[in-house]
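Going down the list, the sequences are from chains X and H.
First residue of the first sequence: 1, per the working numbering; consecutive thereafter.
First residue of the second sequence: 1001, per the working numbering; consecutive thereafter.
These aren't lab readings, by the way, just hints derived from the structure by calculation.
Do not rely on the hints blindly, as some may be mistaken.
[As the list claims (entries may be wrong)] Taking lysine-lysine and the DSS-like style, the derived pairs with C-alpha atoms no more than 25 Å apart in a straight line are:
#	chain 1	residue 1	chain 2	residue 2
1	X	135	H	1173
2	H	1003	H	1220
3	H	1188	H	1246
4	H	1233	H	1246
5	X	212	X	52
6	X	168	H	1003
7	X	135	X	232
8	X	59	X	135
9	H	1173	H	1048
10	X	212	X	227
11	X	135	H	1188
12	X	135	H	1048
13	X	234	H	1318
14	H	1004	H	1274
15	H	1318	H	1246
16	X	229	X	241
17	H	1274	H	1246
18	X	197	X	59
19	H	1220	X	59
20	X	212	X	168
21	X	168	H	1048
Only a predicted model underlies this, so the values are computations on that prediction, with no experimental measurement involved.
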Amino acid sequence: MPNTTQLEDFVTQVRRDILRQVHKVNSGHPGGSLGCAEFFTALYQEIMDYSKDFDMDGKNEDLFFLSNGHISPVFYSVLARSGFFPVEELRTFRHIDSRLQGHPTTHEGLPGIRVASGSLGQGMSVALGAAQTKKLNGDKHLVYSLHGDGELQEGQNWEAIMYAAAHKVDNIISTVDLNGQQIDGSTNDVLALGNVKDKFLAFGWEVLEIEKGNNLTEVIKGLNEAKTKTGKGKPVCILLKTEMGNGVDFMMHTHAWHGKAPSDEQLEIGLKQNPETLGDY
Amino acid sequence: MMKKYIDTGKKDTRSGFGAGLTELGKTNENVVALCADLTGSLKMDDFKKNHPERFFQVGIAEANMIGMAAGMTIGGKIPFTGTFANFSTGRVYDQIRQSVAYSGKNVKICASHAGLTLGEDGATHQILEDIGLMKMLPGMTVINTCDYNQTKAATLAIAEHEGPVYLRFGRPKVANFTPEDQQFEIGKALQLTEGNDVTIVATGHLVWEAIQAAEQLEEKGISAEVINIHTIKPLDDKAILKSVEKTACIVTAEEHNFLGGLGESVARVLAENKPTPQEFVATKDTFGESGTPDQLMDKYGLNASAIVKASEKVIKRK
């Protein structure tokens, strides 16, 4: 298992990969991607039990579903650097004839992706289905999912949230990235989510909060704690408080970088703030 | 003399689905069923009773049902979702598009109460656009069965087919005339009668009406070739082209809007290969309304007499 320094290096390299992918094609979503670099690193480098020989059925391994598919740059970087496909392929992000589509998809056969996502609000249902199949198969492994906070405005989530508690789907850990931002502005301004914790609790979920969602140690600790809450008759939710654009100072504390690529100069600044660790592709 | 078909006793196609699902419960342990609060209407009670661990009641939440079905395929299950055709398609189009079709998931979307024959509930529930919605999705197989026996056979067949399928059937009791022991071959049209003057390509409840129409036409000295096209996608182009090669005109018949339905699929095949006069027995860009199934099929021109009229008209256009 990697030590903390190695994991921090991993996160830094992932940030570089995010910036470079989005810059090269002058499109994509760097803000939310940067905010979740620690979460993805924790999941794929520390928490999940999985095979790098990708198999769609994923029997006897932990599964992850990304519902807010627009943060594909962080997903692709972490998958590549976790051994699912060559790191060099990150060069093809959003280019023609690439397996790295703007939003993740199974269609081009990219290892590590189990469902298309991008049209928001669908990922929890898919994760629940996979979790139900694991139970039918007597497979004790867990299903993880990640959702944007703005995404909770989609009604399908609440169908899934209601189902999961009613049917005691207790082998799922769904994380909500609470960065408080969406395309048009802050979630409070666009459509206030109210008290997300109370909502999940009222629906019958176990809820954990990770206050420092960009602190790797805290994220790992929170995910490990969430694991101990599984198998007890309740679905588990993590409220992960992150900073959109984390690690690149000018991208933080604003929704402006939700879906915008940095210029050449901005890229240089961002990369300087995140020096190369594992080697650029 | 044209070949005769005998109604062995009226049955609903949805019960054929239920019977097929019951059989799959016994023969295929990977088959799971999901239902959105319409277990009785979809005839899924037996499966639920026999395999409670493989039956998932999702409540009135179709979007979640489709997403869950997509997820359940991961790990090898073959999910059959059940609700009315309206709630199986239009209500959940984007869920089917992204999580099922684009993701290439092995989900069987099984839809009852399709079309006008749903009856008295009226237009809110009578979808006439579902074939069009589903056939436009890349990789989606679209099947509309004609009677109880064929629906049962199709239910068994789609479990063996790898990939997303839309299986459309209906509510009312209709003639049951196809063989009980039939093998259902996806994408293979069935020629029911031989004829030289007009080809009648029908799907779903209109197949029996097409047979009745052919009998009436025979009395008028017109020989009609009736084709039961249970699979709208992939369409059996060859069967259609072979028939019109002989008859040089065609009538398509379906319980669906003429925009986006079987008729348009047939028209495309003909336009690309052999332009042929065609008449459409279908609803004409309209919603339905309350009424008995027979009243509605008569009012909207979806029965044997409408097919006879269309046939006579298209023959004159040759």
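Cross-check of the supplied hints:
1. X:135 - H:1173: Distance of about 39 Å is beyond 25 Å: violated.
2. H:1003 - H:1220: Holds. Residue 1003 (chain H) to residue 1220 (chain H) sits at ~16 Å (cutoff 25 Å).
3. H:1188 - H:1246: At roughly 19 Å apart (the allowed maximum being 25 Å), residue 1246 (chain H) and residue 1188 (chain H) satisfy the hint.
4. H:1233 - H:1246: holds (24 Å)
5. X:212 - X:52: The hint is violated at about 29 Å.
6. X:168 - H:1003: violated (56 Å)
7. X:135 - X:232: Within the cut-off at roughly 14 Å; holds.
8. X:59 - X:135: OK: residue 59 (chain X) and residue 135 (chain X) at ~11 Å, within 25 Å.
9. H:1173 - H:1048: Between residue 1173 (chain H) and residue 1048 (chain H) the Cα gap is close to 23 Å, so the pair holds against 25 Å.
10. X:212 - X:227: holds (18 Å)
11. X:135 - H:1188: Not satisfied, since the Cα-Cα distance of roughly 38 Å exceeds 25 Å.
12. X:135 - H:1048: Holds: residue 135 (chain X) and residue 1048 (chain H) sit about 18 Å apart, inside 25 Å.
13. X:234 - H:1318: Judged against 25 Å, a Cα distance of about 68 Å means the pair is violated.
14. H:1004 - H:1274: violated (30 Å)
15. H:1318 - H:1246: holds (12 Å)
16. X:229 - X:241: Roughly 19 Å between the alpha carbons, so the hint for residue 229 (chain X) and residue 241 (chain X) holds.
17. H:1274 - H:1246: The hint holds at about 12 Å.
18. X:197 - X:59: Between residue 197 (chain X) and residue 59 (chain X) the Cα gap is close to 32 Å, so the pair fails against 25 Å, i.e. violated.
19. H:1220 - X:59: Cα-Cα ~64 Å, so violated.
20. X:212 - X:168: violated (29 Å)
21. X:168 - H:1048: holds (19 Å)
Hint compliance for this structure: hints 1, 5, 6, 11, 13, 14, 18, 19, 20 are broken, all remaining hints hold.
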